[in-house]
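There are 2 protein chains.
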Amino acid sequence: MELSKIYESIQEDLAKVKDSLRSIIKVDFPWLSKQLGYVVRGGGKGIRPALTLLAGQFYNYNLKYLLPMAASVELMHTATLVHDDAIDKSVVRRGRPTIYKMWGEEPSVLLGDYLFAKAGEFVSDTHNPRVIKLFSQTLATISSGELNQFLGAFKVEQTRQQYFQRISSKTASLFCLATESGAILSEAPEESVKALYEYGYNLGIAFQIIDDILDFIGTEEELGKPVGSDLSQGTLTLPVMLLLERYPENNTVKRLFEHKDKKSMEQTIELVRNSPVIEECYALASEYRAKACHSLSSLPENTSRQALIELAEYIVERKN
Amino acid sequence: MELSKIYESIQEDLAKVKDSLRSIIKVDFPWLSKQLGYVVRGGGKGIRPALTLLAGQFYNYNLKYLLPMAASVELMHTATLVHDDAIDKSVVRRGRPTIYKMWGEEPSVLLGDYLFAKAGEFVSDTHNPRVIKLFSQTLATISSGELNQFLGAFKVEQTRQQYFQRISSKTASLFCLATESGAILSEAPEESVKALYEYGYNLGIAFQIIDDILDFIGTEEELGKPVGSDLSQGTLTLPVMLLLERYPENNTVKRLFEHKDKKSMEQTIELVRNSPVIEECYALASEYRAKACHSLSSLPENTSRQALIELAEYIVERKN
Numbered sequence: 046m047e048l049s050k051i052y053e054s055i056q057e058d059l060a061k062v063k064d065s066l067r068s069i070i071k072v073d074f075p076w077l078s079k080q081l082g083y084v085v086r087g088g089g090k091g092i093r094p095a096l097t098l099l100a101g102q103f104y105n106y107n108l109k110y111l112l113p114m115a116a117s118v119e120l121m122h123t124a125t126l127v128h129d130d131a132i133d134k135s136v137v138r139r140g141r142p143t144i145y146k147m148w149g150e151e152p153s154v155l156l157g158d159y160l161f162a163k164a165g166e167f168v169s170d171t172h173n174p175r176v177i178k179l180f181s182q183t184l185a186t187i188s189s190g191e192l193n194q195f196l197g198a199f200k201v202e203q204t205r206q207q208y209f210q211r212i213s214s215k216t217a218s219l220f221c222l223a224t225e226s227g228a229i230l231s232e233a234p235e236e237s238v239k240a241l242y243e244y245g246y247n248l249g250i251a252f253q254i255i256d257d258i259l260d261f262i263g264t265e266e267e268l269g270k271p272v273g274s275d276l277s278q279g280t281l282t283l284p285v286m287l288l289l290e291r292y293p294e295n296n297t298v299k300r301l302f303e304h305k306d307k308k309s310m311e312q313t314i315e316l317v318r319n320s321p322v323i324e325e326c327y328a329l330a331s332e333y334r335a336k337a338c339h340s341l342s343s344l345p346e347n348t349s350r351q352a353l354i355e356l357a358e359y360i361v362e363r364k365n
Numbered sequence: 046m047e048l049s050k051i052y053e054s055i056q057e058d059l060a061k062v063k064d065s066l067r068s069i070i071k072v073d074f075p076w077l078s079k080q081l082g083y084v085v086r087g088g089g090k091g092i093r094p095a096l097t098l099l100a101g102q103f104y105n106y107n108l109k110y111l112l113p114m115a116a117s118v119e120l121m122h123t124a125t126l127v128h129d130d131a132i133d134k135s136v137v138r139r140g141r142p143t144i145y146k147m148w149g150e151e152p153s154v155l156l157g158d159y160l161f162a163k164a165g166e167f168v169s170d171t172h173n174p175r176v177i178k179l180f181s182q183t184l185a186t187i188s189s190g191e192l193n194q195f196l197g198a199f200k201v202e203q204t205r206q207q208y209f210q211r212i213s214s215k216t217a218s219l220f221c222l223a224t225e226s227g228a229i230l231s232e233a234p235e236e237s238v239k240a241l242y243e244y245g246y247n248l249g250i251a252f253q254i255i256d257d258i259l260d261f262i263g264t265e266e267e268l269g270k271p272v273g274s275d276l277s278q279g280t281l282t283l284p285v286m287l288l289l290e291r292y293p294e295n296n297t298v299k300r301l302f303e304h305k306d307k308k309s310m311e312q313t314i315e316l317v318r319n320s321p322v323i324e325e326c327y328a329l330a331s332e333y334r335a336k337a338c339h340s341l342s343s344l345p346e347n348t349s350r351q352a353l354i355e356l357a358e359y360i361v362e363r364k365n
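First to last, the sequence lines map onto chains A and B. Quick note, the first sequence lines up with residues 46 to 365 if you use our numbering. Quick note, the second sequence lines up with residues 46 to 365 if you use our numbering.
No wet-lab data here; the hints were simulated from the structure. Each hint should be verified, as a subset may be incorrect.
List time: in silico DSS-like cross-link candidates among lysine-lysine, alpha-carbon distance up to 25 Å [to be verified]:
#1 Lys-134(A) with Lys-308(A)
#2 Lys-146(B) with Lys-134(A)
#3 Lys-146(B) with Lys-200(A)
#4 Lys-79(B) with Lys-178(B)
#5 Lys-63(A) with Lys-178(B)
#6 Lys-79(B) with Lys-134(B)
#7 Lys-90(B) with Lys-146(A)
#8 Lys-134(B) with Lys-109(A)
#9 Lys-178(A) with Lys-109(A)
Please construct the entire structure, taking both the sequences and the accompanying hints into account.
What follows is the structure in structure tokens.
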């Protein structure tokens with residue numbers, strides 16, 4: 046299934062979201078304007094703003110509020126990427142040099158702050174105290190998830206529970222904000238707000254599991270960044286966790302986290318690729334996809350519901 | 046004049062602001078909780094939250110909204126300090142090691158993001174779309190001011206106009222937010238909102254000029270950080286600008302920015318201290334103080350107006 050097909054009912058409004066995002070480029074500070082242009086034109090699939098718009102189509106679809114909300118969600122995502130790249134010292138993302146690579150850590154921090162601020166301006170245009178508070182709470186959750194990940198780096202002793210907590214904070218929380226805010230701003234009944242929140246949560250978990258799988262089985266070309274990026278940051282993701290559970294006697298990962306050497310890195314990637322853990326991870330991602338789709342059953346049957354189901358399929362089947 | 050005397054009418058409510066700030070420490074993440082405790086108990090004069098409360102005392106003083114606003118303003122300030130220290134690689138602030146010194150750049154970035162988020166949560170509790178938008182706009186202004194400063198570092202060719210633009214963005218904007226939001230949340234008429242905004246702007250400029258003076262004439266003990274911090278970051282502040290205007294043939298500053306050597310640094314500090322530029326800077330700060338106080342003339346005469354006048358005096362006369 047193509048994304049453009051899934052996005053059919055929101056295509057025009059998604060283009061308006063992109064226009065809103067591009068509007069932030071107009072500032073009287075040429076350097077800043079250039080960098081803003083670079084980051085907002087950086088591609089990306091637009092999954093988060095699409096979620097807001099689709100979640101907003103079940104009741105009173107009001108673009109006046111859904112548009113700034115969708116822009117806000119996407120911009121918060123962009124801001125976290127700019128900060129993450131500075132923190133991880135990542136030099137390439139989506140096949141292009143990162144802001145960190147081009148300008149270093151300091152401007153990345155300040156540009157990220159600027160983007161958070163602009164995301165905050167967009168969300169304030171919803172005039173809805175509930176989603177405005179959710180926006181800030183989500184940013185707090187994401188930052189604490191990232192902090193958790195940073196502090197746990199290069200530690201082999203981690204539980205699945207810790208993994209799920211971490212990806213819930215750093216990824217699923219923003220998916221929840223996207224869907225929940227869409228529901229709230231379209232005046233959905235509380236039961237539907239909850240259903241769309243749960244859809245967002247389960248979809249976000251599935252999304253991150255797939256990201257963590259692709260980090261091993263994708264190619265650099267598909268990923269737009271080096272294979273094994275998480276490992277090189279010392280981040281223990283689900284595939285490696287399952288590998289450690291399955292082969293507790295194997296010390297490759299431990300050696301990698303101790304010595305950070307290229308050989309152990311390559312061996313770990315090979316081990317993951319050639320073991321059944323990838324299939325196990327896919328099975329887990331599919332469970333979350335199924336839970337996500339199940340959450341939708343209480344919602345009115347319409348094209349959006351179908352699109353959300355297809356989006357969940359797309360997310361699990363994607364190659365990048 | 047003592048700060049405690051100036052704060053007399055808001056003393057109790059300022060204590061409540063501190064309680065609100067301390068409430069963010071309660072999180073189920075021990076490392077984060079400890080760092081939050083460290084930063085929110087870090088001292089500081091509480092000038093920004095005091096401004097919000099005092100500005101709120103002219104019309105309908107409603108603590109339900111002024112309290113989260115004051116907490117939000119202070120927390121945004123704290124967040125920017127955490128990021129600034131990481132960017133400037135500052136190891137000491139207010140006489141204590143910085144988060145950067147203790148944990149490094151990456152946790153500083155994420156902790157700062159977390160603090161921005163909590164500031165955003167507080168401001169959302171005002172339920173006032175106008176101040177919520179102002180909050181985000183202010184953060185954008187501060188970040189772009191800091192970016193400007195970073196990109197201009199170690200450049201001697203800068204105009205006074207650029208200096209005032211920079212300090213307007215990085216410092217005065219938050220003073221404006223503090224006073225303007227206090228006025229808006231107390232349902233002040235637009236004329237008074239404007240007057241309090243102007244007071245905040247001029248006070249903020251005076252405040253930063255004094256900060257830039259103290260960076261040269263203060264002692265490390267008074268400042269709680271090394272003398273000449275700005276210079277060591279390559280930041281051209283008003284005293285050095287006036288020095289360059291007055292002695293265009295002297296090459297000490299140019300040499301310092303080219304070689305970043307200790308000797309040129311000490312010579313520049315000595316030059317500034319022993320020249321009339323400090324007096325000129327004080328005269329300029331006093332002009333802005335006078336403008337700030339003049340802005341208050343249209344407001345009702347009450348104890349708050351007197352306190353704001355005294356606060357402006359305090360700011361110009363302070364030693365740290």
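Hints and how they fare:
Proposed proximity of Lys-134(A) and Lys-308(A) is supported: the alpha carbons are some 21 Å apart, at most 25 Å. For the given pair, Lys-146(B) sits about 19 Å from Lys-134(A) by alpha-carbon distance, which is consistent with the 25 Å threshold. Under the criterion of a C-alpha separation no larger than 25 Å, the hint pairing Lys-146(B) with Lys-200(A) is consistent with the structure, at around 23 Å. The hinted pair formed by Lys-79(B) and Lys-178(B) fails the criterion: a straight-line CA distance of about 31 Å is larger than 25 Å.
The hinted pair formed by Lys-63(A) and Lys-178(B) meets the criterion: a straight-line CA distance of about 21 Å does not exceed 25 Å. Distance restraint check for Lys-79(B) and Lys-134(B): the Cα-Cα separation of roughly 21 Å lies within the 25 Å cut-off, and the hinted pair is therefore satisfied. Simply put, Lys-90(B) and Lys-146(A) have alpha-carbon atoms about 38 Å apart, too far for the 25 Å limit, and the pair is violated. For the hint pairing Lys-134(B) with Lys-109(A), the CA-to-CA distance comes to about 43 Å; that exceeds 25 Å, so the pair is violated.
Our distance criterion of 25 Å between C-alpha atoms is met by Lys-178(A) and Lys-109(A), whose separation comes to about 19 Å.
In summary, the structure is inconsistent with hints 4, 7, 8 from the numbered list given earlier, while agreeing with the others.
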